[in-house]
Structures are given as C-alpha cells and as structure tokens.
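Novice: Sequence:
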Amino acid sequence: MNASTTQPLVLAEAGTPRACIVLDDQADDCQRYAARELSDHLHAITGAHLPVTTRPLPGAAIRVGRSRHSQPLLEDIDWQALGDEGVVLRRRGDRLVLAGASSRGTLYAVYEWLEQHLGIRWLTPDCTYMPRHERLAVDHLDTRLRPGYRMRDQNYMHAHDATWAARNRLNGQFPPLGPEHGGQWRFARHFVHTFYALVPPPQHYDRHPEYFSLVNGERLRSGGQLCLSNADVLDLVCEAVTDWLEQAPDARLVSISQNDWYGACTCPACHAIDEAEGSHSGTMVRFVNAVAERLEP
Numbered sequence: 000m001n002a003s004t005t006q007p008l009v010l011a012e013a014g015t016p017r018a019c020i021v022l023d024d025q026a027d028d029c030q031r032y033a034a035r036e037l038s039d040h041l042h043a044i045t046g047a048h049l050p051v052t053t054r055p056l057p058g059a060a061i062r063v064g065r066s067r068h069s070q071p072l073l074e075d076i077d078w079q080a081l082g083d084e085g086v087v088l089r090r091r092g093d094r095l096v097l098a099g100a101s102s103r104g105t106l107y108a109v110y111e112w113l114e115q116h117l118g119i120r121w122l123t124p125d126c127t128y129m130p131r132h133e134r135l136a137v138d139h140l141d142t143r144l145r146p147g148y149r150m151r152d153q154n155y156m157h158a159h160d161a162t163w164a165a166r167n168r169l170n171g172q173f174p175p176l177g178p179e180h181g182g183q184w185r186f187a188r189h190f191v192h193t194f195y196a197l198v199p200p201p202q203h204y205d206r207h208p209e210y211f212s213l214v215n216g217e218r219l220r221s222g223g224q225l226c227l228s229n230a231d232v233l234d235l236v237c238e239a240v241t242d243w244l245e246q247a248p249d250a251r252l253v254s255i256s257q258n259d260w261y262g263a264c265t266c267p268a269c270h271a272i273d274e275a276e277g278s279h280s281g282t283m284v285r286f287v288n289a290v291a292e293r294l295e296p
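Counting in numbering that gives the first Met the number 0, the final residue of the sequence shown is number 296, and the numbers go up one at a time with none missing.
It is possible that some hints are incorrect.
So the derived label-pair ranges between C-beta atoms look like this [as the list claims (entries may be wrong)]: (1) Met-129 to Gln-202: 53 to 61 Å; (2) Asp-152 to Glu-217: 17 to 25 Å; (3) Arg-131 to Ala-247: 25 to 33 Å; (4) Glu-274 to Pro-296: 41 to 49 Å; (5) Asp-28 to Leu-140: 24 to 32 Å; (6) Ser-278 to Leu-140: 43 to 51 Å; (7) His-189 to Gln-6: 52 to 60 Å; (8) Ala-268 to Thr-162: 23 to 31 Å; (9) Ala-230 to Thr-162: 43 to 51 Å; (10) Arg-285 to Glu-217: 17 to 25 Å.
No lab work stands behind these hints: they were computed from the structure.
Here the structure is a predicted model, which is why all the values come from computation and not from measurement.
Positions of the beta carbon are idealized from the N, C-alpha and C atoms, including for glycine.
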C-alpha cells in the first residue's frame with residue numbers, strides 16, 4: 000500500500016467539493032443516472048456539489064463505472080465471477096472507483112457505498128435518512144459483492160415506486176423500472192399460478208379430462224391442478240411456454256407454477272412420485288425440470 004493510500008482521500012469538506020465524479024463519455028442511461036444519484040446524495044449530506052465530468056480533472060476523483068478511466072484500477076477483477084450485478088468499491092490513491100459487472104451493477108455500487116459506508120437509508124419513497132458529513136473522506140476500501148439472488152422483488156405499495164425500488168436493489172417486474180434503473184426482470188406473459196393458463200380447461204377438459212388432477216376419484220374441471228405425470232401435459236406446457244417466450248423476447252423468467260389452491264393430482268403415477276419425494280412438490284419439481292430440459296436448447 001503506497002503512502003497516498005494510507006492517508007484519507009478527502010472528497011468534500013465544509014461544503015466545498017474536493018473531488019469530481021468522472022463518467023465515461025459513452026456511458027448509457029443507467030450509468031449517467033448512477034452519476035446523478037451519486038452527485039445529488041453527496042450534495043445532500045455534505046453541502047458540496049461534486050461536478051460530473053467525462054474528462055478527468057486534476058486531483059481526487061470518484062470514477063463511476065468500468066470506463067477507460069477506471070479500467071487500469073480494475074485489471075485484477077474477475078467480472079464473470081461477480082455475475083450480472085456484482086459490484087466493486089475500491090480506493091486507490093486519489094481515486095475512488097464505484098463500478099459494476101453491468102450498468103445496473105454500477106448503479107448498485109453507488110447505492111452500496113452511499114448506504115453501507117455513508118449511512119444513507121431509503122426507508123420509504125418519501126422518507127430518506129441523510130446523515131450530515133462535514134468532512135467526507137475515504138480510508139482503505141476494497142470491496143467486491145455479488146447479490147445472493149439474481150431476481151429480487153416485493154409486491155407491496157412502497158416497492159412499486161421505481162426510484163425507491165432501485166435504491167434498495169429490487170430488480171423485478173412490480174416497480175416500473177426503466178432503462179435508467181438498468182431495466183427489470185420480467186415474466187413472459189403470466190406471473191405465477193399459471194397451470195390453467197398453460198393448459199386451459201375450456202379448451203381441453205371435455206376431450207381430455209386426464210390432463211387435469213384426479214381428486215377423490217374425479218378429474219377436476221376447476222379448483223384443481225394438472226396431472227403432472229401425463230406426457231401429453233408436458234408437451235402442451237412446452238408448446239405454451241415456447242409461445243410465451245416468442246411473444247416476449249425481452250422476458251428473463253417464465254412461470255410454470257401451480258394454481259393458488261389445493262387439488263394436487265392423486266392418480267397412481269403422480270401419487271407414486273409424491274410418495275417417493277415426500278410431498279406434492281415431488282411431481283412439481285420433476286415436471287418443471289422436465290420442461291427446462293426440453294426447452295434448454
């Protein structure tokens with residue numbers, strides 16, 4: 000560690016900026032948004048307005064994203080190991096780098112630093128805790144993080160606010176996340192409880208009641224599930240999923256999931272699988288895996 004790294008890197012003091020924010024001149028909407036968020040939040044907690052520039056200025060700088068300016072400081076990073084949204088927070092001399100494996104990762108790097116190192120908390124869309132920093136300085140910092148879950152979502156009122164959701168690193172389909180937030184993980188056509196959307200009883204029950212769950216000796220037209228051991232049901236679901244994905248090429252998720260009630264199939268074949276696995280999830284997991292294997296190519 001060189002001498003310039005052992006001393007604190009002062010970014011703002013007494014309301015005066017001591018550094019600039021450097022952004023690549025080819026930065027996309029998400030990276031530019033990350034720089035704006037950084038500048039706005041730092042201004043709120045220090046009173047100093049750190050300028051955003053695409054041309055490095057003399058002195059200290061916060062480099063946002065994997066730009067040509069920051070790349071020499073990130074040469075040892077295994078970005079593939081960090082996944083789609085991994086982040087790197089690194090101080091080297093008079094440079095602080097906030098970068099991600101993707102543009103959204105860069106936005107998350109900014110939020111990670113603001114939250115975990117500067118104490119900002121986005122409690123609700125209209126309530127943010129902003130601790131005052133008369134002197135903002137960075138000591139040694141070298142952090143790499145990879146989210147534990149690729150898709151993160153909450154279906155409640157506050158999480159439907161795109162700004163708040165992005166700041167809390169939600170990336171699912173409920174908040175209206177735009178390009179500036181790095182987009183979102185979307186489901187193809189339907190979100191959960193999809194059995195009857197995949198194999199609609201009005202289209203199939205009369206001719207093929209065996210496609211539907213057997214409960215107390217009766218194949219259920221409604222209020223049941225699918226017969227997941229039936230090979231024809233597997234074919235129909237694969238065809239429907241293929242159609243859904245073709246209609247939504249930007250979707251990253253497809254839901255093959257039981258209806259929101261009881262009524263699992265108890266036919267001999269389904270019952271044998273569930274007995275072997277210990278619960279009704281036995282047929283469910285085997286079926287989903289079979290669809291995934293069929294459609295993987």
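Novice: Taking the hints in turn, state whether each one holds.
Specialist: Status of each hint after checking the structure:
no.	hint	in the structure
1	Met-129 to Gln-202: 53 to 61 Å	holds, 56 Å
2	Asp-152 to Glu-217: 17 to 25 Å	violated, 37 Å
3	Arg-131 to Ala-247: 25 to 33 Å	violated, 46 Å
4	Glu-274 to Pro-296: 41 to 49 Å	violated, 32 Å
5	Asp-28 to Leu-140: 24 to 32 Å	holds, 27 Å
6	Ser-278 to Leu-140: 43 to 51 Å	holds, 47 Å
7	His-189 to Gln-6: 52 to 60 Å	holds, 56 Å
8	Ala-268 to Thr-162: 23 to 31 Å	violated, 50 Å
9	Ala-230 to Thr-162: 43 to 51 Å	holds, 48 Å
10	Arg-285 to Glu-217: 17 to 25 Å	holds, 24 Å
The earlier numbered hints that this structure contradicts are 2, 3, 4, 8.
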